[in-house]
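Could you put the whole structure together from the sequences, leaning on the hints where they help?
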Amino acid sequence: MALDEVVVGIGGAAGDGIASAGDTLALALARQGLKLYAYNSYQSVIRGGHIWLRLRIANEQPLSPGNVLNCLVALNQESLDRHLPEIQPGGLALFNTHRVKRVPEAPDGVQLCPVPVPDLTEVYTKLQVIQNTVLIGALYALLDLPFEGVESVLESTFARKGQKVVDLNVGAAKAGYEYAKANFRTMENNLKPGQDKRFAVMTGNEAFGLGAVAAGVRMYIAYPMTPASGILHWMAAHGEKLGICVRQPEDEIAVMNMTIGANHAGVRAMCGTSGGGFALMTEAVGMAGMIETPMVCVEVQRAGPSTGVPTKTEQGDLFQAKGAGQGDYPKLIVAPRNVYECFETIKEVFNLADKYQIPVIVLSDLLLSEHHETVDPDRFDFESPGIDRGELITEPEENGQPYYRYKVTETGVSPRAIPGVPGYMHVAATDEHDEDGVLISDVYTDPTRRKKMMEKRMRKMEYLRKELPPPQLEGPEDADVTLVGWGSTWGVIKEAIQALKEDGITANQVQIKYLVPFHGKEVAEILSRSKKVIVVENNYDGQFARLLRSETLIKPDGHIRKYDGEPFEPKHIVAGVKKILAGEEEIVRCLSEEPGWRTEHPYPV
Amino acid sequence: MALDEVVVGIGGAAGDGIASAGDTLALALARQGLKLYAYNSYQSVIRGGHIWLRLRIANEQPLSPGNVLNCLVALNQESLDRHLPEIQPGGLALFNTHRVKRVPEAPDGVQLCPVPVPDLTEVYTKLQVIQNTVLIGALYALLDLPFEGVESVLESTFARKGQKVVDLNVGAAKAGYEYAKANFRTMENNLKPGQDKRFAVMTGNEAFGLGAVAAGVRMYIAYPMTPASGILHWMAAHGEKLGICVRQPEDEIAVMNMTIGANHAGVRAMCGTSGGGFALMTEAVGMAGMIETPMVCVEVQRAGPSTGVPTKTEQGDLFQAKGAGQGDYPKLIVAPRNVYECFETIKEVFNLADKYQIPVIVLSDLLLSEHHETVDPDRFDFESPGIDRGELITEPEENGQPYYRYKVTETGVSPRAIPGVPGYMHVAATDEHDEDGVLISDVYTDPTRRKKMMEKRMRKMEYLRKELPPPQLEGPEDADVTLVGWGSTWGVIKEAIQALKEDGITANQVQIKYLVPFHGKEVAEILSRSKKVIVVENNYDGQFARLLRSETLIKPDGHIRKYDGEPFEPKHIVAGVKKILAGEEEIVRCLSEEPGWRTEHPYPV
Amino acid sequence: MATATVELKPKDYKSNVPPDWCPGCGDFGVLNALQRACADLKIPPHEVVVVSGIGCSSNLPGFFKAYGLHGLHGRPIPVATGIKLANKDLTVIATGGDGDGYGIGLSHFIHGIRRNVDLTYIVMNNQIYGLTTGQVSPTSLAGMQTKSTPSGNVEEPINPLMLALAAGCDFVARGFSGDTKHLAELYKQAIQHRGFALVDVFSPCVTFNKYNTYDWFRQRIVKLEEKGHDPTDFVAAMQEARKMGDGEVPIGVFYRNPNPRPPLDERDPVLASGPALVKRPMGITNAEGRKLIEELM
Amino acid sequence: MATATVELKPKDYKSNVPPDWCPGCGDFGVLNALQRACADLKIPPHEVVVVSGIGCSSNLPGFFKAYGLHGLHGRPIPVATGIKLANKDLTVIATGGDGDGYGIGLSHFIHGIRRNVDLTYIVMNNQIYGLTTGQVSPTSLAGMQTKSTPSGNVEEPINPLMLALAAGCDFVARGFSGDTKHLAELYKQAIQHRGFALVDVFSPCVTFNKYNTYDWFRQRIVKLEEKGHDPTDFVAAMQEARKMGDGEVPIGVFYRNPNPRPPLDERDPVLASGPALVKRPMGITNAEGRKLIEELM
Ligand SMILES: Cc1ncc(C[n+]2csc(CCOP(=O)(O)OP(=O)(O)O)c2C)c(N)n1
Ligand SMILES: Cc1ncc(C[n+]2csc(CCOP(=O)(O)OP(=O)(O)O)c2C)c(N)n1
Ligand code: SF4
Ligand code: SF4
Ligand SMILES: [Mg+2]
Ligand SMILES: [Mg+2]
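Chains as they are written, first to last, in my numbering: chain A, 1 to 605; chain B, 1 to 605; chain C, 1 to 297; chain D, 1 to 297.
Simulated from the structure, these hints should not be mistaken for lab results. Warning: the hint list may mix true and false statements.
[Unchecked claim] Straight-line alpha carbon distances no greater than 20 angstroms define the calculated SDA-like cross-link-like pairs of lysine to any residue that follow:
#	chain 1	residue 1	chain 2	residue 2
1	B	K452	A	G390
2	A	K241	C	E288
3	C	K279	A	D541
4	A	K161	D	Q145
As structure tokens, then:
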């Protein structure tokens, strides 16, 4: 049975160089026109632990890590022990005989491929990570892929280290390739390398960075925090060339206040963090709402609460974003649904932030931000829709009118002058203020004025809602069940729907991108036509389901949730839908339960 | 027409000593067995502005500031100009002829009572605030109340300053009293002073302090912030005597972390703040949830967003409290409904915090925390229900069993040992951890264990919900309309219901105290029997209405909201209910619109 | 820092909102001196941004005619930093109270010095929390009775000048709001200093601080320039800075580094190479964008 | 601080979780020295609480057998303060990294010194953010290339010892994790000091900091005690503290105030008058409560 897609798992410890091995492999495949989705399950430790990177490879773009394991590249004994039992019949396990001493029994139909790495490259004695290169070479052979893919990547990766290093690496890969060709069976598959169009391998975080560049961002400000640090690193690496000032201040409070200051002065400035850092920013997010300064923050969620599982994925910060800061103020919360949308969203929300003069929270998560996938470079348009600064006053204009920074208007938006423009001086105050900016909290308060100003600000929300594209139903109208998700789970739900179809269950999908303001009416209308509604989300408490109920008054028929740190696989959703449709459970709590995920508690009390 | 209750308004500028004049008056009335409710509308300025203190006086306890004005004590020209038009027929306006130069025309049936203060007391030339004492004496006369009330209060207030100061003050009051008796008509009323039982005059903040004492709190930690500072001041004033260590650290982040540290070490420690300070605390609230350390924080809401109107009331921080910190963790959010409940709540929630080892957020607001009312001292029971520390290990016990701090149990609660106890050493970590406290985020992660630990913690919520008393319907079952409110609006809604009855509309009330966890089923059941449901809340966006919809799937028929800074008066709710029942509006946005509230913008551009 | 060609007077920096401070409050002097300093330096009002926190003192921008941002308690420095980095052509002045700057905002103060952005930071140090009606502050003297320390403060005050010096601040001065002429001179030097400059100002709170009154200061204040202090001598600066509480309260320029660190806008390669960020064109072409994506191919 | 009657060995402070630091990480030395110091001082493990933030270094409590609280990034000091004030009989040690303590947590550090609670604060200063895989820290030297400063750090490092001295810290020391014997001696003195004590430790990050390596330090380190430094001399302490970066890296006790401020538990009237708060009875009687209400009648 020739496979249409192949899932490769690379297992090892932190420090074994899995990430760069994965990068090499992914790039090689992409250069040969294959599509892939890669997800790395790692721990919050710099050395040791168990790292588990899965690459799903296919001719058409995969949208999730997939359900199964076909090929294992075990960089150490533990990885072989853990994952060997998971390999599907027809699959194989590659490992370095020098690192793996004890070979467990392979499942039926699984080929064991021991590679004597030290015999294949003498570099190994000095540089053990070369095993990765050898094994990738071997894998390439066993997948029956042309070696040129690996070669070209090793060449470009090591080019700046000189031809010797290139040769050494290419040689190691080639040795693995040839050893495998000579000693093992290749795996039958339908992968079609050699397609003309080259794709890029991109993470959500890189797409956010590219989006920021397209949006004309001139400052990126962040305090390091997994899984948002990828944006910082990309920006820092490119800032100098692109004229983007990248700053790492003392804490997230400073980050948010600086970002607001910069936006206030008229540049586009962005910041990024994860949940714990965002908690510290919430007070200042409210300031942006009150002084009507645009601001864009990317909040990359990870598994909480508190420090939680910092290297694991979750969609657990929706309520935090929604409840950010005291009181009511207009804000936009957007959850991009895939890597392309990470890019598009940043361009879009900067325009909206400028137009409505509001803070924007972009909710990503570790899965979306850190997974790699192949993307079509032609789908990245840096020039359109173009930069729209809204009603921004950057030059003096002689109209003889006094300037009211917070002029009450129909839409709630008032023309905004930036510091430095003659004739438009004003104070932007976090105290309640009148149209001209003068405090109405201080020597005088006036309920009428206060009410007016609250309504002015909050009115923006209605106009904003109307401007945002409402959610769409994807899939057949008359399906048996509608799956409702938000943000990053778009792809895995889509794949689950495909799998359900094969099992005779038709499903369609509503994937929410704009969470606040919410298209309550439109979503209610869609869902009112659904036979069954199931909400899929990556948290314990059903934060989105609560929002959905509140905004649509629709009680979903079931919930599929996951909060064990690992992302959904299509099979979890498929099983959940079946259980719910069978009336077995209302809330299905998924678990990644393959033996490879289990760890014995290593330190008995 | 003799009045059953009298609303006295005292108006002046910050620095005119209105608060202490109000205190004197309130105490005098209370000592004479009268009941009162006093609310001070003030600005965020130390000198100047317009301060407006209303005291509502009756034989039975008033529950709100009331709807009207009967007596005005104008300490300056502005106050007379503003409020004279509001006085009801039969009412009067007292003022000092030395401060008020221009007497506007009085409404029909309103008695103008100019008092030549400088002629009545020679102290005035040196100490202008003595005018307050004179005018209160005069007011007493005009309300036909026995002078002894004022006298006794002045005596006790000034006792520590010596007999001369007492005499001087009593003399001034007496002069005012006699001048008024001689020159003005007394106001007919049915107030019955001289009742035997003495009540105390208490604010919500003082009740929180007393509750903390009853709960055995040993540390109070806070950073100053209106309107929570009253708790800090009361605690600081009493801490030394009561053995409560009161600390004011560098910021609210330190406050929350210190409070958690202290609770972790086994004392009961409380902290307090308002919305902006709470925003800074949210990260650490999540820590308490994760390490399962009990914590109690009083969040006294004020009008937001951001700095907002810091001296004005609002119920705008519900979402902030609910969304505090990233991820899902168990917490309790409680909104006491009156001053007695402020006291009771603290005793109650410390027991619950200890029992469930969770953080508790007590949501008060400026209205509840700062208004004064008469309370029955016998209703304050310091000894019952008694202090229950839950499963707390403070002494070593030889049972030969290893200790698992986070043992998985049916209820999710695991016995908690405090530092210092031999044999129970463990690490409390904000990273996800196993039953023994060892990290499962670090060298190893295990989805099964992670899931188990999330479920262990979150299970507490179900047990907690079952333990909390569900909301009750107050009033007739078959009423025309049910008013749903939360927290501090209990009293004003109750009075509105009374007024509606007089207008032929029967209403009943559900006033929610426990917001998280929420009694969704029970509330839905109550409301499903209601003819109409109207939600009353003191914010713009209907935060509570959103929670209610989410938890009950009930769409209220109408909303009455107020966010102009001033609290609801019964009349706002009455008018709102009528409009909604008449189908005129779905969301009624109330406004305090008497001329006295209006201020011309004093600084034209 | 641009200078205007027209004559400017202090009243050109006066907004139409009269200060709402208590009569006698020290902050009036701070405001007046700042208006005078800006006029003397001829900085066009629209090129000045005054950024404050929350507190009585932080109300200052409302009374000063310029651009203003009256932000959050404790956060003027990061906000001012964001503004200055975005538009280095502006004169950015951060201001606030002792609670604001040395309490909740202390970390930004020290790290602000470390970053060395070209800001002037003016602290109205009244040794009390004024706006919240009189609680202890990090500069309140030990023993001081306040609403939160009714039986006396049991903590020692921090010394902001020592901290600034230890943090590497290249311009450290202290003024007294009772001497606005002297204060205005300090401001002028601070504004002209390229880099982070601190002017701590003793600005008495006449309502809540009954200890550190005008009289208290007048009896103790000594001008550094009159006693021959050399402001380029770091060790001498430290020694003078230590004196608070010893009966003598020195004011003036404590330290002016003769070899000051270059400000961040000269060190950061992006800021240094070109006009103010806000004046640069935005966005890139598809061709340029494509190059960035090609790095991933 | 209670002392045990039985003999205690460093291994009695070893938890059953082996450290997960990178092989060669400086934090091993910090851990070993602390275990040795506690053993030498005979503090029963259950009377020790080690409170940390978040970072590689902050994982320490997991490897140390005692009570531990592994809290939030930057917040060990306030948490430790709460614990110590609640139970003054415990030996409370706050610990964490340079990012944790001098970056996000800086304000607590300075105010912790001001409050002078009897804590020992150990900072594992590796001049980098380790756990987040190598970004610039507030103690990173200028020019250092990191993931967030790929073309070199454009800010100057702060000097934690200078700051501690300026803030009034009565015990200021620096150690090197490559010399655990010396380090253990510093810890012992710090723990025995009544009041806030700082031990900054250069603890190399072998994975991400390629500048400040063991070798780098070994070439520069000088022991203060060997060069005759008088730790009671504040000015000399300042002068030694300034030296970082000058080629010489002094370690040892920089300052020990001969007249130290009494710790907060002796100054606060509530803490001073009676046993540890946690050991006092809870609640009051109705009669006592009534008296409090009567104040309002
Ligand atoms: C996060 C936060 N915490 C607390 C407050 C309340 N608050 C307002 S002003 C102030 C202190 C003011 O003291 P200071 O900064 O010294 O200024 P001053 O009023 O003395 O000039 C405080 C604590 C706030 N606004 N925000
Ligand atoms: C509020 C918050 N911001 C950011 C982080 C991410 N974070 C974890 S450890 C760390 C820095 C660690 O550096 P340091 O304190 O020097 O410790 P080291 O790892 O170097 O020992 C950061 C920024 C966090 N956990 N919490
Ligand atoms: S309270 Fe003090 S600081 Fe505030 S305005 Fe009045 S005198 Fe000035
Ligand atoms: S990354 Fe650095 S600090 Fe962290 S464990 Fe490794 S060597 Fe130590
Ligand atoms: Mg102050
Ligand atoms: Mg570090």
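20 angstroms Cα cutoff - pair K241 (chain A), E288 (chain C): holds (11 angstroms)
Agreement of K279 (chain C) and D541 (chain A) with the hint, judged by alpha carbon distance not exceeding 20 angstroms: It is violated: about 47 angstroms lies between the C-alpha atoms, which goes past 20 angstroms.
Proposed proximity, G390 (chain A) with K452 (chain B) (alpha carbon, max 20 angstroms): violated (50 angstroms)
Holds or violated: K161 (chain A) to Q145 (chain D), with C-alpha atoms at most 20 angstroms apart: Holds, at about 19 angstroms.
The structure fails to meet hints 1 and 3 from the earlier list, while all remaining hints are met.
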